[in-house]
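Protein chains in written order, with this note's numbering: chain U, 1 to 329; chain B, 1 to 343; chain Y, 1 to 547; chain V, 1 to 562.
No wet-lab data here; the hints were simulated from the structure. These numbers were taken from a predicted model, which means no experiment stands behind them. Quick reminder that beta carbons are idealized off the backbone N, C-alpha and C, glycines included. The reader is advised that the hints may include incorrect statements.
Said to hold, decoys possible - Just the calculated beta-carbon pair ranges, DEER-fashion: (1) Y:Ala492 - B:Pro57: 40 to 46 Å; (2) B:Gly293 - U:Val314: 25 to 31 Å; (3) Y:Ala492 - B:Asp93: 28 to 34 Å; (4) Y:Val205 - V:Arg132: 35 to 41 Å; (5) U:Val122 - V:Arg349: 30 to 36 Å.
As the list claims (entries may be wrong) - Below are the DMTMM-like pairs computed for lysine to aspartate or glutamate, each with C-alpha atoms no more than 20 Å apart in a straight line: (6) Y:Lys206 - U:Asp187; (7) Y:Lys281 - B:Asp76; (8) Y:Lys191 - U:Asp88; (9) Y:Lys432 - B:Asp76; (10) Y:Lys206 - U:Glu53; (11) Y:Lys407 - B:Asp66; (12) Y:Lys143 - U:Glu53; (13) Y:Lys463 - U:Asp108; (14) Y:Lys17 - Y:Asp228; (15) Y:Lys525 - Y:Asp228; (16) Y:Lys186 - Y:Asp100; (17) Y:Lys463 - U:Glu41; (18) Y:Lys432 - Y:Asp464; (19) Y:Lys191 - U:Asp108.
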Amino acid sequence: MTRYLLKRLGGAVLVLLVLSVVIYGLFYLAPGDPARLACGERCSTQQVAQVREQLGLGDPVYTQYAHFLRGIVAGRDYSTGTALLHCDAPCLGFSYQTDQQVTSLILDRLPATLSLALGAMVIWLVIGVGTGLLSALRRGGITERALTVLTLAGTGTPVFILGLLLLMLVCAYLQWLPFPTYVPFTDDPEQWAWNMLLPWLTLGLFESAKYARLTRSSTLETLAEDHIRTFRAYGVGERAVVGRHALRGAVPPVIALSALDFGSVMGGAVLTESLFNIPGIGKSLIDGVREIDLPVVVGVVLVTGTAVVVANVVADLLYAAADRRVALL
Amino acid sequence: MTTLPDLPASGAKAGAAVAVPAASDARQAWRRLRGRRSAVVAAGVLGLLVVLALAAPLLAAVEGQDANTYHDALVDSARGGVPIGSFGGVSGDHWLGVEPGTGRDLFVRLLYGARVSLLVAAGATVVQVLIGVAVGLASGLGNRLLDAVLSRFTDVMIALPMLVLAIALTAVVPNDFPRPLLLILVIGLLDWGGTSRIVRAQTLTLKQLDFVAAARLAGSGRWRVARRELLPSLAAPVITYAAILLPMNMVLEASLSFLGVGVKPPTPSWGQMLSSAQTWFRADPMYVLLPAGLLFVTVLAFTVLGDAVRAALDPREAGRLRVGRRRTSRTPAAADPSKDISS
Amino acid sequence: SGPQDNDAKASATDKGKPQKGGKLTVLNSEPQTDFDPARLYTSGGGNVPSLVFRTLTTRNRANGAAGTKVVPDLATDTGRPNADATEWTYTLKEGLEYEDGTPITSADIKYGVERSFAAELSGGAPYLRDWLVGGADYQGPYKDPKGLASIETPDDRTIVFKLRKPEGDFPFLATATQFAPVPKAKDDGAKYEEHPVSSGPYKVVKNEDDGRHLLLERNPNWSEKTDDQRHAYPDTIEVQSGLDSAVINQRLSTSSGPDAAAVTTDTNLGPAELAQIGSDKALAARVGTGHFGYTNYLAFNPKVKPFDDPKVRQAISYAINRTSVINAAGGSALAEPATTFLPDQKAFGYTPYDHFPAGPTGDPAKAKELLKEAGHADGLTISLTHSTAQNRETSPEVATAVQESLKQAGITVKLVGLEPNAFNEARWSATKSPGFYLSRWGADWPSGGPFLAPIFDGRQIVKDGSNFNHALFDDPAVNKEIDEINKLTDLAAAAERWGALDKKIGEQALDVPLFHPVYKRLYGKDVKNVVISDWTGVLDVSQVAVK
Amino acid sequence: MTPVIPVTEQLIEVEDLTVDFVSGGETVRAVDGLSFSLAAGRAIGLVGESGSGKSTVAGALLGLHRGTGARVGGAVRVGGTDVGTASDRELRALRGAVAAMVFQDPLSSLDPYYAVGDQIAEVYRVHTDATRRAARARAVEVLDRVGIPDAARRAHARPHEFSGGMRQRTLIAMALACEPRLLIADEPTTALDVTVQAQILDLLHDLRAETGMGLLLVTHDVGVAAESVDEVLVMRHGREVERGPVAEVLGAPKRTYTRTLLSSVPRVDTPVARAAAQPRPAAGEVLLEAVGLRREFRRGRRSVAAVDGVSLTVGAGETLGVVGESGSGKTTLGRMLVRLLDPTDGRLRYRGAEIAAASEKELRPHRRELQMIFQDPVASLNPRRSVGESVADPLRAAGAADEERIVARVRELLERVGLDPDRYDRYPHEFSGGQRQRVGIARALAAEPRLIVCDEPVSALDVTTQAQVVALLAELQRELGLALVFIAHDLAVVRQVSDRVAVMRDGRIVEQGTVEEVYGAPSDPYTRRLLAAVPVLDPVLAAARRSARKALPEPAGNVVAV
Ligand SMILES: Nc1ncnc2c1ncn2[C@@H]1O[C@H](COP(=O)(O)OP(=O)(O)OP(=O)(O)O)[C@@H](O)[C@H]1O
Ligand SMILES: Nc1ncnc2c1ncn2[C@@H]1O[C@H](COP(=O)(O)OP(=O)(O)OP(=O)(O)O)[C@@H](O)[C@H]1O
Ligand SMILES: [Mg+2]
Ligand SMILES: [Mg+2]
């Protein structure tokens, strides 16, 4: 177990390194000059040069990358004009556009994204797996068809339309909830939950069809297996047979997919975040990409990468726990 | 690997030679599929959509419109360009009304949009599934090193935000590179992590089973085991997942249009129409409902078909075809309730 | 067509006299990521910063055209030039204090200007660097603590600016936030924006998440007596930004709870929203209309064939169907057709002309004729470069409308959509810019100078940086006329000459003006005293009352 | 001659039962007009060849064909419940509590995801209002009762950690958990070695005596039936061949079919024909040699050796029998011999090549020559592939491309193992347990191997088929010089087919020698005990031996349950 975790840790570091290299590489393919963008549209050539110098963009790519790595291990210094600021290790550098420390920028925004991702995951698991189960139980019935149509509508509708519809319905038309504004969990857990409700629903609904279909098919798959017959033959009710035994077969793929989606939602729920004004890292990422703010992009991608890797380790552990036949090592 | 006989062809030949036709597994699955009414209906709907898309120029000629001509007189410029007339400007000339702001004919645009949407979504899904299955299988079947390398590679791909790559790509890809192909490649090459994860997970479980051991003993190499033993069992989750990837790809195509990797204007696509219709759903509901409705029908048809294919691939399901209507079936036994002990 | 009447004026008066008190919410889409006076570009520092930073002069807080005037702010007047307008002297009002009660001195203003030269605080407009003697080489007070010799502060209330050449527009420039006082003792460089010292009616109490959430409260040391421009009715102002524009408009239209006292300073109504509001009287009464000096146009690079041929450029000018283009830009309520490069406002010196009359829907016949003369009888295939950003200005919709209207004249247009950064890089490159593309230009202040000079002054062609003179137009006569007008300190006289110059340059068909945008802005139902000037085109937060 | 039993006490009443399976458009009549009844506390044995419909009858008793598409006709009453018309709820009450079923396929009949103890506890709680704790205790109790060693701890194990026999016992334990009035046991002892088999049969007998439980025992092993039931029903092609008290039917069969059935039963005490009759071809050439083979499995933190220091040789054309009780490591050993499992330690040489640690690539040339017939016929066939395709696999893998030739060869093989070649494109779930096993044999043969490890190849087969298959293997061995490693717990069969025998216990070989040596003069006490436990055909003798076994004190240590 320890060995396994150590191994995965090594893998994670590798993944993150590759990620950062890829981003650095892509960055030099992407159009636009970050120094000019940071300086402003009407900056003179000298000013842009000064800014470039100040951002350390004058160095060759590999030197910049080395600085970046050194920053993670040993920290970096940065001038605000009046003073030298120190950014402690692990330092992901400073945003070109806002001068903020990327580490603190991400740390500030992580809770919001985590809130969104975790809550949405609960929703898509509940709605998705629940729907999948129900539709496996009541195959061919009205319930199944209605549920299928509902989840499919969620998936077939882009998030920006789904979210806007929910907003219009719940906040503007019915006025059940005020328009959501993000309240940190630490400030007021209750308000946090109320305000996150719509974003969770939006993202959760959008993802849930995938889980519904997956659960349904895996459940049906398992229902066809011999051991199900055993439990039926012992008078175990259909509900328990499906819920306990057939569902169990659906657990591994659902776990595998959840890990994946959790990872990508961590970095990519941009549309939901901007629609509901959640100060998460997804928005930073898209802004970073638009403004060629390399440190922010690298930072966010590394955090996302970490989320992906961690989610996968957790998924693999859960998976091995769920299916003991699969060996970890 | 020595030459591998082709699966469907084998059935045909064998059938000719031997007294009792020995249909291949694929053939039998096909037969089961055809027996499902839902599958036939779904396939019919999809077929119709494809035909409509292919016949777009023809139908446009019938209506007497084309996809790109502006009709400034048909929109109310003072009110944001909303189509004049009810139901988004439906008229004898414009059967489904016109697009706000431009007055372009919606009927024709929807038809042409179907081409791009179906092509991109289906193409991207195929690429995703091919890569995902290949990587997942190799990862699940390969030795630990290969598994580790591929899994970490998958991690990298998942963690790479698609939009970063998409933007970098626009800078590199020449302007005249066919956009639908670019979209297929961008989505297909970047977003296969889910498929690969599912396939790997299933492979790990399946490969513990005796029938895989038996196949290994039969001299099947990993590739053969994968193809003959695992793929049929993987087909169910993969097909189900693909049926859901497809609509997601249609939606993704819309988002990529925003980033400039989408189809080039004035070429329409449902996703693009939907994203520009975003704000119109109160002022001109038709504009939203048409692409959304088509998208939904497509999604539904693909899902139903995916379900049917999944079931058809499972021989054990054959006997359970009509569970929902079991009670009303008129088997001889059912006619006499006292004799029927199966319901 | 000049600026239309403000719907806002009428509705504001209905609601009785504005009162002090209450809380105003500002719902914005763009976060106020910069709050350092040195780094803000927009004239007057945009809306929210001007609640905190007072400047030597400021824009007149009045509706419509009256709002294009410069008025004194910290200074007693809008500036006293020397004979050739190369030296400008200002005197500070008496009794000016920061939020902490310390007095504001002319040295603080000098320091504020100097800071804006530091590379760490880049972002401001280029004029100070171009105009001030020694400005081009100055590196800011951190690297160069001696300061700029061309700014003199003979005493605590007097400040003198020495310019390289005559600049009659200096009072306009003095509205920029770079002219806000910064107490040197409180300056901590790039971190200053976290706690800027207020000279205006509000101070920053909270600035969270890099300007996404701001809370402003009354500055007790600000006095109405020294400031006749800002009303400061609400007690507190909360700015929530980073919001989706559809959500902002939805919230304003629903106007429930705190949103009843909400406005936006950066979000317009889109065409769909406008279409929907059209049928709702109550909602329509809560829409303010704004104009801002802005022109969207088709740019040519005459170095690229076939645009080197004036006949081709003229043909395109004739062929353009402005109705289609305007519809693509959101319809006639959101865009007005443009045939002149200068915005259609008096302050800019607007002189109507239409050298290549295309009518509302284009004149393809005339265009074809010209093309034939130019040797393209069989039609012509060209590329149009546009941005992929969804802005309804340089975006695919507008490009498609242009494509469609040129088709009528036998011109086949291939669209080249570029990602926004790539697009800007392409159009601002003096050496590699494409032959034909969508472009736009906005006013730094309501005067012809900053509108025409960067575009048509041959000396402003930048070879290795951002070049806005897309046509690479360098005509000594034009250059000379620009210099002459800059000498004028009589702004009205200057405006007239800018107009004449615009008309003259227009003959060359170096661009095809398409439209001037119009801004429709929704506000909450409790909002009173809505003022939208033609200077900014946005609702002025310093005037708004919620009681 | 049918015994007269009062109607009120009938536990099972079956009248004119027919079951039709519809598959691929055609109908298979698996059960055809069968009638029988069973009184409380009595036992009936259903014997017959593989595919005769035994399991189908068993399933019909619990209404298991509901919703599967099978058509059931006739009337079935179990414990007073009309299975045909009962509501789902009534059926559930019936299942498990009144009548419990032990299924034929031990691996696939247990949920791979849950601990065995939990699965038993779950079933127990369905029918009692026991607490979770009590149910778990009950599970341990019944596991212990069926002879699972260290039941309290092993209750936490998942099915895949159990040997075939242990899984089978788990299923029996599950059936016993609710103390049903009727036990339907579908081949309950097929996977068990004789000692455990005897123990289980004794257990069933005791339970019947104590609780008055009725028993419907489905078996192809006439010996087992002889030991355990009062009445026998011989089936063939879904119809009744003969029915009557066990002594009568087995002692004086009326029908030829029954007589053939009985004559095919291998015995430990009759002389073996084959060994003397067949001269060994190329005897002496060593094909496979194992030295000190060892295999460990992790069990939580510890690892246990399932096979420990086993050395053996298999000569070309020779048959090595491996016997041993359940869980002794036979399957593990067999899998290592064909390198499906990697040995933890030890050497393995095949025709001079060291393959213990060979990579898959290095193994390639030998793969097809080393075949295996798997213990669990369900799990070894891909449910999604037709059996013909599975059998064709080795041919295709070998590069055969001529479809006609492949199909013809597969049909030939199917026929050879006693299957209708026209069922080429049927799927495994449409076959009976024995039929599936035969498909496995056909597949192994298709590879034209030099050595086959047969892991309980005939334990699922009825005696007639068993005899056919054994004869078939012998014939192939003769023709092809095939070497066999014949793993079985049925000492009689092993004796019949083997040249040499190795007796395994606890992962070690306790005795190894020629058939004559081991059976004639067993040197190890364990071997002696095994031989003593072999069931006999004579019910009277069987009863006598049972009481003798009971009188005997248990040997030191937990012998039965090792
Ligand atoms: N995958 C595994 N993980 C853990 N333990 C295992 C595994 N496979 C087998 N074992 C253990 O190894 C021992 C030997 O098992 P094996 O299957 O070889 O027995 P067997 O002799 O074939 O028994 P049977 O006659 O019942 O089939 C048993 O105690 C079993 O629990
Ligand atoms: N689901 C099914 N679909 C089609 N045919 C089936 C199905 N189940 C069983 N059969 C067929 O019904 C017949 C009886 O099968 P059953 O399983 O009852 O045999 P059995 O007597 O238990 O044999 P064995 O001793 O080999 O287990 C066989 O020919 C079998 O192929
Ligand atoms: Mg059976
Ligand atoms: Mg075994």
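Consistency of the hints with the structure:
1. Y:Ala492 - B:Pro57: 40 to 46 Å: violated (60 Å)
2. B:Gly293 - U:Val314: 25 to 31 Å: violated (40 Å)
3. Y:Ala492 - B:Asp93: 28 to 34 Å: violated (53 Å)
4. Y:Val205 - V:Arg132: 35 to 41 Å: violated (58 Å)
5. U:Val122 - V:Arg349: 30 to 36 Å: Between Val122 (chain U) and Arg349 (chain V), where Cβ atoms are some 57 Å apart, the hint is violated.
6. Y:Lys206 - U:Asp187: holds (16 Å)
7. Y:Lys281 - B:Asp76: holds (18 Å)
8. Y:Lys191 - U:Asp88: Roughly 17 Å between the alpha carbons, so the hint for Lys191 (chain Y) and Asp88 (chain U) holds.
9. Y:Lys432 - B:Asp76: At roughly 40 Å apart (the allowed maximum being 20 Å), Asp76 (chain B) and Lys432 (chain Y) break the hint.
10. Y:Lys206 - U:Glu53: Since the Cα atoms of Lys206 (chain Y) and Glu53 (chain U) sit roughly 32 Å apart, the hinted pair is violated (cutoff 20 Å).
11. Y:Lys407 - B:Asp66: holds (14 Å)
12. Y:Lys143 - U:Glu53: holds (14 Å)
13. Y:Lys463 - U:Asp108: violated (42 Å)
14. Y:Lys17 - Y:Asp228: holds (17 Å)
15. Y:Lys525 - Y:Asp228: This hinted pair is violated, its Cα atoms lying about 26 Å apart.
16. Y:Lys186 - Y:Asp100: Given that 20 Å is the threshold and the Cα spacing comes to 11 Å, the pair holds.
17. Y:Lys463 - U:Glu41: Distance ~15 Å between Lys463 (chain Y) and Glu41 (chain U) Cα, so the pair holds.
18. Y:Lys432 - Y:Asp464: holds (11 Å)
19. Y:Lys191 - U:Asp108: holds (17 Å)
Violation of the numbered hints given earlier is confined to hints 1, 2, 3, 4, 5, 9, 10, 13, 15; the remaining hints are satisfied by the structure.
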